[in-house]
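What follows is each chain in one-letter form.
There are 2 protein chains.
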Amino acid sequence: MGGDHGPESTIPASLDRLRENPNLQLILVGNEQILVPLLEQALIDFKGRLSIQHASQCVAMDESPSKALRNKKDSSMRVAINLVRDGQADACVSAGNTGALMATAKFVLKMIPGIDRPAIISSMPSIFGHTHVLDLGANVDSSAESLFQFAVMGAEVVKALENISDPKVGLLNIGEEETKGNEQVKAAAKLLESSDLNYIGYVEGNSLNAGDEKVDLIVCDGFVGNIALKSIEGAAKMITSVLKESFGKNLLTKVAALISYPVLNTIKNRIDPRLHNGASFLGLKGLVIKSHGGADALAFKTAIHLAEVEVEKNVIQKISEQVEHALSRRESA
Amino acid sequence: MGGDHGPESTIPASLDRLRENPNLQLILVGNEQILVPLLEQALIDFKGRLSIQHASQCVAMDESPSKALRNKKDSSMRVAINLVRDGQADACVSAGNTGALMATAKFVLKMIPGIDRPAIISSMPSIFGHTHVLDLGANVDSSAESLFQFAVMGAEVVKALENISDPKVGLLNIGEEETKGNEQVKAAAKLLESSDLNYIGYVEGNSLNAGDEKVDLIVCDGFVGNIALKSIEGAAKMITSVLKESFGKNLLTKVAALISYPVLNTIKNRIDPRLHNGASFLGLKGLVIKSHGGADALAFKTAIHLAEVEVEKNVIQKISEQVEHALSRRESA
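Order-wise, the sequence lines are chains A and B.
For the first sequence, full-length UniProt numbering assigns the number 1 to the initial residue and increments by one for each residue that follows.
For the second sequence, full-length UniProt numbering assigns the number 1 to the initial residue and increments by one for each residue that follows.
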């Protein structure tokens with residue numbers, strides 16, 4: 001039900017994924033009076049793989065997380081997360097209110113022992129493919145210990161999604177020299193240096209999109225990560241807007257646009273944020289994927305696919321194991 | 001002498017500005033054995049307006065600020081800043097090592113009374129023109145009081161450069177709601193709300209390039225500002241790289257590029273970072289402008305021009321007055 005487009009995006013995306021992955025089973029959670037009429041044919045076509053779980057309430061995009069948690073006990077996001085807790089679903093995918101989704105997930109699923117705070121991870125397009133980044137906004141003022149835990153958890157996501165065994169981990173900072181940065185970052189660097197992780201040192205903001213191939217995972221505080229992410233969105237929006245304006249100026253530029261269309265389309269596909277949609281909440285005893293609120297069907301499909309891969313690769317279980325390993329390793333040191 | 005290109009950029013830029021502004025006088029500070037042969041004709045053409053000040057040393061781009069301060073007492077940047085302190089120059093423009101330039105400027109020029117820490121301000125291209133942002137990396141872990149002081153100082157720069165009387169000031173945060181953000185940002189918001197400034201509230205990362213017209217000056221901690229700036233640089237680099245690659249792919253795409261050249265050129269001019277080059281150090285008793293280290297002649301020229309405008313508008317004097325006003329206003333409250 002969530003996001004700016006609701007079932008308009010989520011339903012076509014769901015049906016597409018059911019078509020593409022014959023092993024996928026989906027439970028669509030929401031108001032059945034709205035969903036049933038939209039799914040009549042699909043419930044027949046995907047019998048046994050598609051079902052509806054009724055939820056009478058819906059969390060508004062601007063609702064405060066605490067109010068949603070208190071007053072919306074039958075919201076679509078709460079019911080979907082309950083399904084994960086009860087083992088009836090392997091993951092929950094939502095385009096709804098981020099704060100409410102995080103608060104509900106934390107309350108219902110509980111934290112993995114040893115993890116202080118949950119974090120949000122996503123991938124970003126880059127010159128060499130993409131880079132994974134966390135935290136993107138679950139926390140502000142993260143301690144060095146939290147940053148270290150983010151790295152341990154994020155590394156498991158990167159291993160699963162990229163099929164690599166030893167992802168290169170960088171710490172986001174304002175310079176590559178040892179003396180740079182704030183106290184938390186400097187202390188986190190020490191923890192990472194003495195860990196099992198493949199820690200490569202500090203990286204700067206330009207590594208997010210234009211870094212060399214040296215880094216697979218970038219770790220930062222959620223305040224910094226969220227502002228970097230939004231800054232990049234703003235820069236991309238500005239460039240797109242200038243492109244559109246310049247190519248739409250007059251007849252000549254419009255002809256140029258027509259001729260360049262295949263090229264401009266390739267470019268769009270390379271950096272299309274919809275193909276990177278889906279952020280995973282880490283640190284919880286269950287998998288929750290947040291889709292961008294403005295996701296269209298293609299973008300929401302990407303988020304569902306992300307959930308499928310993380311379930312298949314057993315990411316939550318692996319995170320629990322690695323966290324336990326990292327903590328016991330430190331205790332015995 | 002500084003920057004990646006040294007006199008190759010700084011000299012043509014200087015001569016261009018001397019040609020364009022008949023009221024401008026420039027003292028080029030550096031090794032005269034290098035500079036004199038390059039300037040023989042120029043010293044005649046701009047007699048009375050162009051001179052050389054010898055400096056026997058040069059701070060390396062990767063030299064530590066403390067070492068530069070201790071060991072390079074006759075470096076070009078130190079000598080240039082001395083000229084400002086002694087009233088022989090109204091401003092110093094350098095493409096050298098940022099940390100060393102800041103440390104030297106702070107040591108030689110001293111701080112304006114009432115200002116705790118210096119800050120770096122620059123403008124960024126945006127959909128609606130440009131936005132001014134500070135701090136871009138002089139500080140980490142800025143207190144609420146520092147953020148407030150940045151706003152007071154930044155507002156004077158915006159007034160001078162944009163010819164507006166009451167610039168709209170926003171505080172960079174991870175959401176626009178009151179409850180969002182870290183402790184420093186929330187406390188800074190309270191200080192700004194009760195000030196004389198035209199404070200408009202929180203803005204998010206996308207406001208840097210793609211904000212609506214509601215904000216003229218964005219205030220943030222230097223850690224956050226530097227990472228946002230570098231993230232934007234990375235995003236722009238990725239998009240440029242994908243553009244080049246896609247248009248250069250084969251004969252057809254190359255023809256498309258040729259036809260689209262005027263359009264692509266317009267776009268480049270709109271968002272060319274060289275036309276936004278030049279960051280001002282604020283909080284010091286003298287004007288120092290930092291050019292990007294990679295600046296070519298066009299970019300360095302922009303930085304010189306920035307210095308001219310800030311001198312003409314008496315920005316340093318106005319900052320001192322406003323800081324005094326803001327402090328006495330608070331004391332009497």
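Hints may be right or wrong, so weigh each one.
Same chains, same names: a pair is fine if it fits in one copy or spans any two.
[Claimed, not checked] DSBU-like cross-link-like pairs, simulated, lysine-lysine; straight-line CA separation at most 30 Å:
1) Lys-237 / Lys-214
2) Lys-186 / Lys-249
3) Lys-190 / Lys-67
4) Lys-110 / Lys-190
5) Lys-254 / Lys-313
6) Lys-214 / Lys-318
Just so you know, the hints here were simulated from the structure itself, not pulled from any lab data.
To see whether the hints hold, each was checked on the structure:
1. Lys-237 / Lys-214: This pair counts as both: shortest intra-copy Cα distance 27 Å, inter-copy 17 Å.
2. Lys-186 / Lys-249: neither (50 Å within a copy, 43 Å between copies)
3. Lys-190 / Lys-67: between (40 Å within a copy, 25 Å between copies)
4. Lys-110 / Lys-190: within (29 Å within a copy, 35 Å between copies)
5. Lys-254 / Lys-313: Answer is neither; intra-copy 47 Å and inter-copy 43 Å both fail.
6. Lys-214 / Lys-318: within (24 Å within a copy, 46 Å between copies)
Hint compliance for this structure: hints 2 and 5 are broken, all remaining hints hold.
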